[in-house]
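**Q** We have chain A already, so just place chain B on it with the hints.
Protein sequence lines correspond, in order, to chains A and B. Its first residue numbered 1, the first sequence is counted upward by one per residue in the UniProt record's numbering. Its first residue numbered 1, the second sequence is counted upward by one per residue in the UniProt record's numbering.
Hints should not be assumed to be uniformly reliable.
The list treats identical chains as interchangeable, and a pair is accepted whether it falls inside one copy or across any two copies.
Capping the alpha-carbon separation at 20 Å, the derived lysine-lysine pairs in PhoX-like fashion look like this [what the hints assert, rightly or not]:
#1 Lys33 / Lys94
#2 Lys90 / Lys33
#3 Lys164 / Lys65
#4 Lys90 / Lys162
#5 Lys33 / Lys65
#6 Lys162 / Lys65
#7 Lys94 / Lys165
#8 Lys94 / Lys84
#9 Lys65 / Lys94
#10 Lys164 / Lys90
#11 Lys168 / Lys65
None of these hints come from the bench; they were simulated from the model. Note that this is a predicted model, so its numbers are computed, not measured.
Here are the chains, one letter per residue:
Number of protein chains: 2
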Amino acid sequence: MIRGLLSVLFVLVAVAVSSSLAKPEKNIAKRGKRIPQTLSRGWGDQLIWAQTYEEALYWARAQNKPLMVIFHLEDCPHSASMKKAFAEDKDIQKVLDEDFIILNLVYETTDKHLSPDGQYVPRIIFVDPSMTVRADITGRYSNRMYAYEPSDTQLLLSNMQKAKKLLKTEL
Amino acid sequence: MIRGLLSVLFVLVAVAVSSSLAKPEKNIAKRGKRIPQTLSRGWGDQLIWAQTYEEALYWARAQNKPLMVIFHLEDCPHSASMKKAFAEDKDIQKVLDEDFIILNLVYETTDKHLSPDGQYVPRIIFVDPSMTVRADITGRYSNRMYAYEPSDTQLLLSNMQKAKKLLKTEL
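Chain A on its own, in the form it takes in the complex (with noise of 0.2 Å):
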């Protein structure tokens, strides 16, 4: 039932960014040049993005690295704040340019393994080279197991350090 809720309330988010990001994009045309969009989005602008899920994961499994994939809103105030502090904490900077692939999306993938407890923002999963999505990598939230607040930077970075230890793949 909650569940349910979520899912139409994320669909009731996303048209409503989506009726948001329009107009911005016209008023920006009239107005003249234009700012080239960012992989990045402020997540850190000065790290490598991965555009797509099947590039991540390529990149992880070619690099023996850990993904981390965030989803958020560009309009989303939790996401906003998230943002910020993520971007602006200079040990999961370092740590996410040295050891990890990564990935910001806006949208879902088809991907129901990146999911497991809907489809909320901001949401941060994190997969395995081997390809397994680490469902056991959690936040501090049980209604939301892969949310996390700017208070939560030190839990993540502890969880990115989880991540690091890869799963053993079988021989």
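**A** Frame of chain A, contents of chain B only:
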């Protein structure tokens, strides 16, 4: 047989690209500040690009506009010369801005409909907002039906006009 060879060739190209891509990243990191990656990748910095195929399909349906998907590779000279002609062609850029949803990808999707005759680059595929891949809209090369060269911009423009005539969906 030829298709098999093309697949092998694509994998080889992808491996070559991945190894050559890995190096500049590290060099840039040592030299100092990185330039944030853009979604346009030089195919039209002033256009609004979708990030993923899922997002592009969502926008195509929501806005009832045809979708153009460009497959390319960053260090493929044919992709580079086509990109230059494409980005500099004001007519193409104007029609795309007004009437199309656009996506450029350097990694293949899992959807085989997007590679009707193989996974070569550069390759331009149109998708109708009814979610139908327009396999009927082709370039001038019988061995790579969705390839375009810099001298083909007029043909591409005329194909864009074809894609704008949307398929009739059942009532």
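**Q** Against each hint, give a clear statement of whether it holds in the structure.
**A** Each hint, compared with the structure:
1. Lys33 / Lys94: Only across copies: Lys33 and Lys94 sit 14 Å apart there, 33 Å inside one copy, limit 20 Å.
2. Lys90 / Lys33: Classified as between: cross-chain Cα gap 15 Å, same-chain 32 Å, threshold 20 Å.
3. Lys164 / Lys65: Cα proximity of Lys164 and Lys65: one copy only (7 Å, versus 43 Å across).
4. Lys90 / Lys162: within (19 Å within a copy, 50 Å between copies)
5. Lys33 / Lys65: Neither: 38 Å inside a chain and 23 Å across chains, both beyond 20 Å.
6. Lys162 / Lys65: within (12 Å within a copy, 44 Å between copies)
7. Lys94 / Lys165: within (17 Å within a copy, 49 Å between copies)
8. Lys94 / Lys84: The answer is within: 16 Å in one copy meets 20 Å, while 35 Å across copies does not.
9. Lys65 / Lys94: Only inside one copy: Lys65 and Lys94 sit 15 Å apart there, 41 Å across copies, limit 20 Å.
10. Lys164 / Lys90: within (18 Å within a copy, 47 Å between copies)
11. Lys168 / Lys65: within (13 Å within a copy, 46 Å between copies)
Hint 5 from the earlier list is the only one contradicted by this structure; the remaining hints agree with it.
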